[in-house]
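Engineer: These are the residues of each chain, in order.
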Amino acid sequence: MFVPGTLFNVVSRSVSTSTVCNQIIKLTRLRVVDNSEIGKAAMMEGKPPRCIHVYSKTGVGYIGDRVLVAIKGEKKKGILVGLKQRQNAKVPRFDSNNVVLIDDSGTPLGTRIHVPIPHILRTIMRKNTHSKGADYTKLLAIATKFV
Amino acid sequence: MTMVSRLWCQKTWQNLALAKVLGKEPKTFSTLVQLKTDEAIDDNDSQAQTNDELIKSPSLGNYRLVYPEFLPDPNPLFRNGIREKLERMDMLNRRSVLSIPEFYVGSILAVTYSDPHAVGKINKFVGICILREGCGLRSSFLLRNVVNGEGVEVHYDLYDPAIQKIDCLRLEKRLDDELLYLRDAPLEYSTFPFDMEIEAKISESIPVNDIKIPLNPLPWSQRWERYNLKGVKEIVVNERRQKKAAALAKPWEKYDLMKTYRETIPEEEQNEIFSDVYTKLNELEIQKNILKRKYMLQRQKSSKTRTL
Amino acid sequence: MTSILKTFNGYQLFSKHLKQSLDMIAVPVRGRQNPPPRKRHPEWLPKPTHVRYNEDLTPENKEFLSEVASLNKGLHEMPKSPLNTELIQPAKWTQGSKRTGLIGKKIGVYPLWLKNGKKVLTTLIQIIDNEVVKYIPPEKFNPVKHSKHLHPKIKNGCLVLGAVNIDPQLITKEYYGIFNSAGVTPKKTLMRFTVTPNAALQSGTPLCAAHFKPGEFIDIRGKTIDRGFQGVMKRWGFKGMPASHGVTKTHRRPGNIGSGGKKARVMPGTKLPGHMGNRWRILKGVKILRINTKYNVIWVLAQNVPGEVNTMCYLYDTILPTKKNTSPHFPTYPPNDINALPEELYTDDVHPFTEPNIEYQSEQES
Amino acid sequence: MNQAKVEKLVSRLRYNVGPKPRKLKNVDGSEGRLRKIKKTLTAVIKYERIELNYARADETRGYVERLISEALRHGPEHVETMELANFWINEKQLVHKLFKVLVPRYQNYTTSFTKLHNAPCIYPGYAYKRAILELRGNIYPTVEQSNPHQHNLLHNILLDAARKEYRMEKYKEIAANMNF
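The listed protein sequences derive, respectively, from chains E, L, U and V.
For the record, in the first sequence the residue sitting at position 13 is 13 according to UniProt numbering, with numbers rising by one throughout.
For the record, in the second sequence the residue sitting at position 1 is 1 according to UniProt numbering, with numbers rising by one throughout.
For the record, in the third sequence the residue sitting at position 197 is 197 according to UniProt numbering, with numbers rising by one throughout.
For the record, in the fourth sequence the residue sitting at position 172 is 172 according to UniProt numbering, with numbers rising by one throughout.
Bound conformation, chain E alone (with noise of 0.2 angstroms):
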């Protein structure tokens, strides 16, 4: 998965960087789910995006929070539209930590979610989308499996 360089440096430092407390913060790599350009690149190349900032108080990122990434030089926002990290009664704990690019106004940059989401995401980006200026309900539309 990893290029020989990033191996080097996982290895030299013998840390895993984020899979032990298994929380969304700065410098978490997640997994880009959708079908954008940069996104596809990035994880083709094995170099997934990591979590820069989380546009949230506490600094950790849950399910449907904003994040900041750093994906191929560039700075780009994303959803966590699914967590790794234990959740409540009913609501999807996934294999990986995935993210959805979008960009100021919350119109995802790809056309196409590729994993399942959960059903709690409706609930949570409809708030949200009244809070803020932009609209995130349509990342609930280019999505295609709900869990």
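Don't read these hints as lab results, they were simulated from the structure.
Quick caveat, the model's predicted, so the values are computed rather than measured.
Be careful, since some hints might not be right.
[As the list claims (entries may be wrong)] Taking lysine-lysine and the BS3-like style, the derived pairs with C-alpha atoms no more than 30 angstroms apart in a straight line are:
#1 U:173 to L:124
#2 V:46 to L:280
#3 L:85 to U:294
#4 E:138 to L:124
#5 U:188 to V:25
#6 V:5 to L:201
#7 V:5 to L:173
#8 U:234 to E:26
#9 U:234 to V:25
#10 L:85 to U:188
#11 U:271 to E:57
#12 V:164 to L:259
#13 L:173 to V:25
#14 V:164 to L:250
#15 U:271 to L:280
#16 L:254 to V:20
#17 U:155 to L:85
#18 V:25 to L:250
#19 V:8 to L:201
#20 V:38 to U:62
#21 V:46 to L:259
#22 L:85 to V:20
#23 V:92 to U:173
#24 U:119 to U:287
#25 U:234 to L:280
#26 L:85 to U:223
#27 L:254 to V:172
#28 V:92 to L:233
#29 V:38 to L:254
#30 U:188 to L:280
#31 V:20 to L:250
#32 L:121 to U:173
#33 L:259 to V:97
#34 L:254 to E:145
#35 V:5 to L:254
[Unchecked claim] Some chain U residues judged to face chain V by a derived CB distance under 8 angstroms, without partners named:
#36 61
#37 64
#38 341
#39 344
Just so you know, even glycine gets a beta-carbon here, dropped at the ideal spot from N, CA and C.
Dock chains L, U and V against the given chain E, drawing on the hints supplied.
Structural biologist: Here is chains L, U and V on its own, set in the frame of chain E:
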């Protein structure tokens, strides 16, 4: 021994007798509902054994495996007879509304539930039960499946009233009590189709699936070499991790008789608990069986018509 | 010599000095001006004058005594009970009335589900054998007063309640005397509740869980779990210090506890290690969700009722002004009508387990 | 709230079991703790009555009771029980005693199999709480002393008379009811 008899004077004996009298709980005077779990067992004149019939009857002996959540937490700091009784009554009331099938870790379940985030839709999740935990109304289970190439796990409360239906699609056990290692196994081992149908029951006893699963290469979510797993093909780790696992192993723990005692509910208490709920559970089981037979008959008929 | 002294006295040369010295003896008291009131033994609780000892009874006699003692249990069997149940009339609740509370036993915590599908944790409190032991009218009731608190002008009376019947053989003669005069079976726990005179009850009146209604708010007083001597991290939630980065021997310590300079002392009230728990605490404004009248159990919407499971706690009508109850059963639920109640009482928002599954409907339909 | 373990089925012990195990200070941790208990347990089965430290006696008591109840439950043919007996009893001839002497002895017991008495501290010396742990039904004279003159105490004589009177009244009442 001589010393013992010399020192054992009249006074200590009197103190002992007094302590014994004080230690007796005057339960008979209270209008509390009497429950044997509450009672202090007196050293000298303990009560006679519970009736032998219950111990011998095979159906009650099986109940602890089928309905483990009816047994309370063995920690004496949390025990209370009345609370356990009320909790059991609530559980039975819920079970009479929703039929909860018999299932084990390793069985494949389908859960239909109503979701406030998706109103007016049928939400159904199918998956393998990889964990069963909690007791009483807190009991819950964890289902795992792979959807669109992504591993998904959902946690459900067994007595949640928003659950509309629970079906056991394939009733079987695995070699381990928890299957959390499926997270680090290839995805095909936890992939189950959403349109699976209920499999016909072949034998009376619960089949044990003795499949051995290979694990993905490192890194893993947990140090599986330390868990003494039976359902996993040989675990390959480096020497350092092997040594550490060997150092942390506790092979003497299985001989610790009091540890096992403090982790379990004794048989006499189990019989009291299950004889309390036996009649109602039995009724529910009979109803369930009738419904199941009907369903099977319908399926057979429909399959015949299809083949014709 | 004496004559000389007498003459000096006669002149009163040192009178001023003498007076001054007398004044100096009456120096003002240093330290706390208003010390907290000393603990006073309750008037209604006689002090034991003798201890229990081994009576050396033969086993047959022991059995005989417990047989006789168990015959005289319960209110109805009491031949001398002064209670006349007809006299308990439901009075009218007025503003400022205060009725009695209950003595309960915390028996556990488990979840209930609300009608909207939300899971809430509830604590179960059982009301065991609660009976009025004594009423002390306002004239005779003189509690210890804390000088810092404001006293209400209306003086309240006091009800002594008892809970959990015990074997009379296990208690001293003095303790038995309290119950004998009231015509009540001896109780394990006693507690006093201040009440207004219009909420007075006769001794021997049984109280049950139906004293409260579902939906009412109560305050619960209990003794918190005794955790022993604890450090600042557990006791006060301090952060401690880093595990590494050159830190030695101070991973769970408080660090600096005050400034130096002229103060040169630890400020009163500084959070330090010490004994944690085993204190009386009141949890205020807890909602009652469900009541079982058969087993006398109350479900309250809280998972943090002070105390361990199987310890006693005391329930009062809440003092929070916004949650105060305006239409309670006053002075208590009539004990003769208990059979008229259904076994389970719920608030409107609780989902009883006997009801069908919760299904969420879309807003247009509903 | 944790689920109780269900794989193993155990009989209830007929004494009040403490909520937590004692640690019994040992450098080897829980393994060393078991080794300590093994020694005491072997001694209890061998001598049937020993005097020792209270904490260790109380801790060992549970293990003795459990071992005997397991032996009663499954018998010597059961492999796991034999393994347990092998582990716990250091002197192998005592394994035979467990299955051939103790099991028949406790077959019809409704009380606990062991008894724990408080013992006086040794003076002079450290005031450790001491105890006597014994198997019930042993051959030694009883540790407890009974008052031989109990029946002649005044209150017992009075109570005897009262009891007889009370019973007579009861019988009379019953007889009167029978006539109707």
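Engineer: What hints, given by number in increasing order, does this structure fail?
Structural biologist: Violated hints (numbers, rising): 1, 2, 5, 12, 13, 14, 15, 17, 20, 23, 25, 27, 28, 30, 32, 34, 38, 39; every other hint is consistent with the structure.
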